[in-house]
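**Q** Sequence:
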Amino acid sequence: MQKRLSWVANIQNKFFEIQNDKERLTIWMNNLIVVYMFFIPITASVTSRIFIAILIVFFLRGNVVYYIKEAWSNSVVRAFSYLLMVYLVWFIGSDNLAEGRDSFAHVKNILYLFVFLAIIDGRYINRILGAFIAAMMLSELLSYSIFFGFLPWELGIGGEYFYKSYAVGDPSPFLHHIHYGVLLAFTVVLLGQKVLYAKEEYRLKLIMLFFTITASANIFVTGGRTGYITFFPLLALFFFYYHRKWIVPALIGLSLFAGIMYHNSDLLQQKVAQTVTEIEKLVQPTADFRSSLGLRVGFWAYSAEVIKDNFFFGVGTGDAMDEVFARVLPQDDEVKSIAHEHNQYISILLQFGVVGLAVFLNIFYQIYKYRPKDENLRFIQLAITLAIGLGITMTMFNLRVFLHLWILMLAVSMIDRERRTIQGNIPENRTFLLHVFGIGMIFYTVVFMKDLF
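Position one of the sequence shown corresponds to residue 1 (the numbering used here), numbered consecutively onward.
Simulated from the structure, these hints should not be mistaken for lab results. Some hints here could point you the wrong way.
[Unchecked claim] Listed next, the in silico DSS-like pairs over lysine-lysine satisfying Cα-Cα at most 27 Å (straight line):
1) 205 to 373
2) 22 to 69
3) 164 to 271
4) 69 to 108
5) 308 to 336
6) 308 to 69
[Claimed, not checked] FRET-style restraints, in silico, Cβ to Cβ:
7) 254 to 162: 16 to 26 Å
8) 154 to 123: 35 to 45 Å
9) 122 to 369: 45 to 55 Å
10) 280 to 433: 22 to 32 Å
The C-beta atom is built at its ideal place from N, Cα and C for all residues, glycine as well.
Given only the sequences and the hints, what does the whole structure look like? Please build it.
**A** Okay, structure coming up:
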C-alpha cells in the first residue's frame, strides 16, 4: 500500500514540476503549432487532435484569464468573436437544432485565435510559415506524381487513405480542388515574397523560386475553378503592394501566362468549356440547373426569396437549407441535392440577415485597419484574407481548411517578430526539426491507426 502511495506521489510531483516549468510548456506549444500548421492542408482529423493537445498544455501553463483579456484587446479578435456570438444567439429558436449545433461547432475554431495569440513566440513565425510551405510542397509533389502517372490516384490501407485525389484526372491529393486551388494561389505569393524580400540563403531561395513556378502551373492542372479566379487577384495584390509602377506590365505578363497555361492544359480547357456550357444552360428561357454551377446558381436563386422575406435578421442558425428547400419548385427538385450553400456570404445572409452580414464584413474591415509593424507580415495578412474572401464565394469558410488556416495565418501576421513568450533560447533548428517530426509522426500514426481499426 505504501509503495502505491509513493508511486502516486511521484506522479503528482512530476505533474507539478511540469506545470511549473512555464518555459518548457511554451516551447512545446510553439512546436505543436508548427505541426498543426503543417497538417492544416493535409488532414483535418490530425489537426483537431493536435489542437486538443495545445489546449491541454495551454491550461496547464496557467494565467488563462490574463491571456484571454490580452487577446480581447485586439480588434480583429473581437470582430471574429462577435460573429461567433451571432451564431450562438441566433441558435435560440432554431427549428433545426441538429444543423444549428453543427453550424456553431464548425465556427468554434474562431476561439483558437485567443490561444494562438497567447502562445506564439516571434522567433517561431518563420517556422510556422515554413511548415505551411513544406505541406504545400509535399502536396504539389504528390499532385505532379499523380498527374504524370508515377503514383496512383489514391493510396491507402483498408479503406483509410494516405491521400485520395478529388477525381481521376484532377490531382488534388489531400483537399477538395476548390480549397487546393485557393491554397496554391496563396502559396505562390507567399513564396514570391520570400524569394524577393526574405533574408534566406541563396540556395533556399532558388528552391523556393522553383516551387513558385511549379505551384503556379499546378493550379492549372487541377480542376478547381475557384483557384484560377483567386490566382490573378492575389498576384495583382502582390505587384500592387510591392511594385505599383509595374502593375500594368505584370497584368500583361499574367495574361500571357494564363494563355500559355490554357493552351497546354487539357483540364483547364475542359473546365472553361464546361463553364461556358453551364452558363448557356442557365440563361435559357427556362434555366437548366442540372450541372455543378447550375445547382449552386439554382440554390442562390431560391435563396433570394428567403433573404427578401427575412432581410434584417435571417432565418436562424442552421435553418437556411430547410427554408430554401421549402421554396424549391418540383421542376427544380435537383437543387435539393446540394449539400450546403456554397457561398459564405449568402449563408450568412440567409441565417442572420443584413445584421449578421454586417458583423461578418466587419471582420474584413478590422483586418484591413490592422497595421502590424512588419510590412511583409502585413502583406500575408491581406493576402490570406483576400484568398479566403474569394474562396468562400464558392464554398464555406468553416469546411475543411479555410477557417483553420485563416485564423492561424492572422495570428502569425499580428504578432511582432520581437515578441517573446519564451524567455530563454528556442531550440536550434536541428533539435526543433527532430521534435516536430517526431510529434507529427506520432499524431499521424495514432490517428491513422485509430481510423483504420
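**Q** Output the numbers, in ascending order, of every earlier hint that fails for this structure.
**A** 6, 7, 9 and 10
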